[in-house]
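Using the supplied hints, reconstruct the complex from the two chains, each of which is provided in its own coordinate frame.
Residue numbers (our numbering), protein chains in the order written: chain C, 1 to 235; chain B, 1 to 227.
To be clear, the hints were calculated from the coordinates, so they are not data collected in a lab. Every value quoted in this text rests on a predicted model; they were computed, and no experiment measured them. Be aware that a few hints might be false.
[What the hints assert, rightly or not] Distance condition first, Cα-Cα at most 20 angstroms in a straight line; then the derived DMTMM-like pairs of lysine to aspartate or glutamate: (1) B:K214 x C:E172; (2) C:K57 x C:D30; (3) B:K65 x C:E172; (4) C:K12 x C:E44; (5) C:K57 x C:E44; (6) B:K62 x C:E172; (7) B:K214 x C:E171; (8) C:K3 x C:E135; (9) C:K3 x C:D28; (10) B:K65 x C:D30.
[Stated by the list, open to error] Residues on chain B that point at chain C, a partial pick, calculated with CB under 7 angstroms: (11) V37; (12) A68; (13) S70.
All residues carry an ideal CB built from backbone N, CA and C; glycine is no exception.
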Amino acid sequence: MTKTMLVTGASKGIGQATVERFWAGANDIDTFVLLARSSTEFDELRAHLAANNPGGKRFFHHEIDLNDLDAIRDLLPQIIAEAGRVDYLVNNAGFTAPSPIHEVRFEDFERTINVNLYAPFVITQGLLHAGNRFEFILNVASTAGINGRSGWLTYSASKAAMIAMSQVMKEELSIYGTRVVTISPGRCATALRRTLAPDEDPSTIMQPEDVAGVIEMLASDFGRFVDSQNLVVRL
Amino acid sequence: MYTLALLNGGLGTRVAAGQPKQLIRVNHIPAMVYPLVAVDPLPEVTQIVLNYPEGWREEIEKLVKDYAISTPITYVPGGSSRHESVRLMLPHCENEHVIVHETARPLVSTADFAELIASEHENVSFMLEIPFTVAPVEPETRRVTGYLERDRLRNVQLPQKFRLSTLQAAHEYAREHDLQFTEDATLCAVAGAEVYFIPGNDRNFKVTTKTDVKLAGYLLGAEGTDD
Ligand SMILES: NC(=O)c1ccc[n+]([C@@H]2O[C@H](COP(=O)([O-])OP(=O)(O)OC[C@H]3O[C@@H](n4cnc5c(N)ncnc54)[C@H](OP(=O)(O)O)[C@@H]3O)[C@@H](O)[C@H]2O)c1
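In isolation and in its complexed conformation, chain B is listed as follows (with noise of 0.2 angstroms):
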């Protein structure tokens, strides 16, 4: 059985000042609802460990509720940066494998959790090909310093999935060699991990800017399936 840690930062900038900040929503719906009503239909998924940015639990815990989320959730607190919102989550999942998984992917499919889940491998992310040249620089120079072969880069995507004792793991030899990672995929293999990739889906792009939300409600509305 698994366990959603749902990374949930989410929060928007100000609309105005003086205002507080909002909840991203995409067509008006909370980006965190996405993922919520994906997975819970999936009969293996039988805990969501939530995160929530601070003074938000009671928003968001109405939400869930407001939609209907059947599956239990464990409310979390976000840590102060992404890498350590995922460790507070930890001690917290009660099944022997995790799903990891950000709010900012609104565009995640049940059938995207279903084949994770289906994945022979225990520890796995969802990654794509990388369709343009990346060259390793100098920043502080501006010099380039050589090449980089992106038939053997992949950009890393979420979902992803760990035999909980493997990310515990990681992020155990992390606090301990000092080191702070952007995702779990990589952590895992630079601790030693056997991890590995299935080929993603560029429709399950990362939300961050405000062109991105309107693209990710154009692909969501009616619009995105005109002909």
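Bound conformation, chain C alone (with noise of 0.2 angstroms):
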């Protein structure tokens, strides 16, 4: 049978670069859900999908900001409508606004914790009680989530919630065989890394492909010999 698999921050950077991997690899997921905020990017990878296409393969996409959960909760009946379920659930969107805590906006904190980690837990959640059967779900945390460094903390603390929140579903679904994978990327050519390290050049750290390779074979039948711990995945 074929497989639905839904991405959430599809639109840019890591997102991006596991849908067209998925995309264009030869699995048996022929459905995508996509989920991002508008933008010229997200159109792009559309007509990107649309226009290289051999294997007959569709997407629906979604325009939302993971910020708004009571948007998240609305959402989920259609994508169970549209998609039918879920089998594959690749948390990917990540946002983050770098500052010493002494200029901590608090909206910011509260919009880092609510697209790094509450949107997952949503999704998840939601997906469960729809009676969804996950196949394999991945979270995307950071090695920032396991070290702090002066001006992350509000993405630091998301992200070490996020590897244990990840850590505990791991547990509890395995009663459904549901396999849960937590990596973390290390600095990765991306618009968010940007943010963190803005003088950073971009040719020199890992690119997107590189973390989508990873995820691909975290997502085969091998993954799950090395899936056991919070996957570190860096240069």
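This is the structure:
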């Protein structure tokens, strides 16, 4: 039977590279559900997928702000209605507004926790409540969730919480045979990284396609041999 | 098609004086959830009859909703004994065949239910060999009265399956003869039905003591699959 993959933050960076990789690759996923806010990058990705579709796959897309948890709750029944179910869930969308504690705006902290922690929770729990049985859930955390750095308070806190949440999901969802995987990328050349480290030359670090390759391996039959821990992915 | 009659005595002891009794949980997940999740994907099981301890119906319905169990469920209050609980569930079973299980065996798997359903016989129980020696005794005088050949004895497990009419007739027989049984395979056999066993698995043990709960949690958790 063919499978459905839902990717959050599909418009850019690691999410976009992941969608492109699974779209082009040989696998049993024929339906994609793509979530991000509206952007020219998102438009371009969809045009690219439509123009390069030898596998006859299909996608649904939703322009949604994952900071708006009620909007997510409203969207889930629609996703079930159009896609039937979600077999592979990639909780990838991430947000950061780095600043030292003295300058942290509380709204930014809330937004960070909403997008990086509550949104993946609401999506996963909502689909479980709808009777969805996942085969595979991949949660994108960060090395910033393992070690804090000056200026990254809100982001590091959200990612540390994501690592812990993901470990618990892994244990609890094992009763359904669901494989829950946590990855913690190190620095990777995306827009988010530019926000965290504006002076860095992106060509010298890991690329989003590299992380997408690791995600593909983790989702494959071989993935289960390396997925027992939060997996650090870095150059 | 089959109805699962799920015995759900499942209240643990009070945590402290004045505290209400709790549902038995294994790794914090209610024990009743495990067999429900295991049986839910099987197309042969089209109905679940679930009994609930007095006063717990609302809580149990909420759990069924939270864990998104999709097989239709009929709720029936528990009886004063296990024997009576089964008897009270029978009029609610809508299929020709019934599987009896208990929530105190959370380590049952989808494969166990499938194996039971696939058995060529109609009345079947999982049973285990007995790895130790048992002796017949007279408890009052503490006198040992003889010898039992353990090769010819089995430890009775659950799940079990029966033709509904056979199980009903057996409970009728028990009522007429004023008998109470602690499980239904031997009841049906004593009442004259052909009952068979298939070899069970020692993982699927009954969780009764606190130690059992810990052991089940260990086996169901990540530790149980470690080297
Ligand atoms: N790059 C790194 O060095 C690095 C390292 C470790 C972990 N990560 C993690 O990797 C994941 C992907 O990030 P990336 O590096 O690929 O960054 P990116 O290129 O900036 O992509 C982030 C994605 O998340 C989406 N997103 C952010 N806020 C959103 C919101 N409110 N609503 C909906 N979607 C939202 C973005 O979509 P829109 O903005 O278009 O809505 C975009 O598709 C994140 O979880 C990030 O924390 C990245």
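Here is how each hint holds up against the structure:
no.	hint	verdict
1	B:K214 x C:E172	16 angstroms, holds
2	C:K57 x C:D30	5 angstroms, holds
3	B:K65 x C:E172	17 angstroms, holds
4	C:K12 x C:E44	10 angstroms, holds
5	C:K57 x C:E44	17 angstroms, holds
6	B:K62 x C:E172	18 angstroms, holds
7	B:K214 x C:E171	15 angstroms, holds
8	C:K3 x C:E135	9 angstroms, holds
9	C:K3 x C:D28	6 angstroms, holds
10	B:K65 x C:D30	30 angstroms, violated
11	V37	5 angstroms, holds
12	A68	4 angstroms, holds
13	S70	5 angstroms, holds
Checked against the numbered hints above, the structure violates only hint 10.
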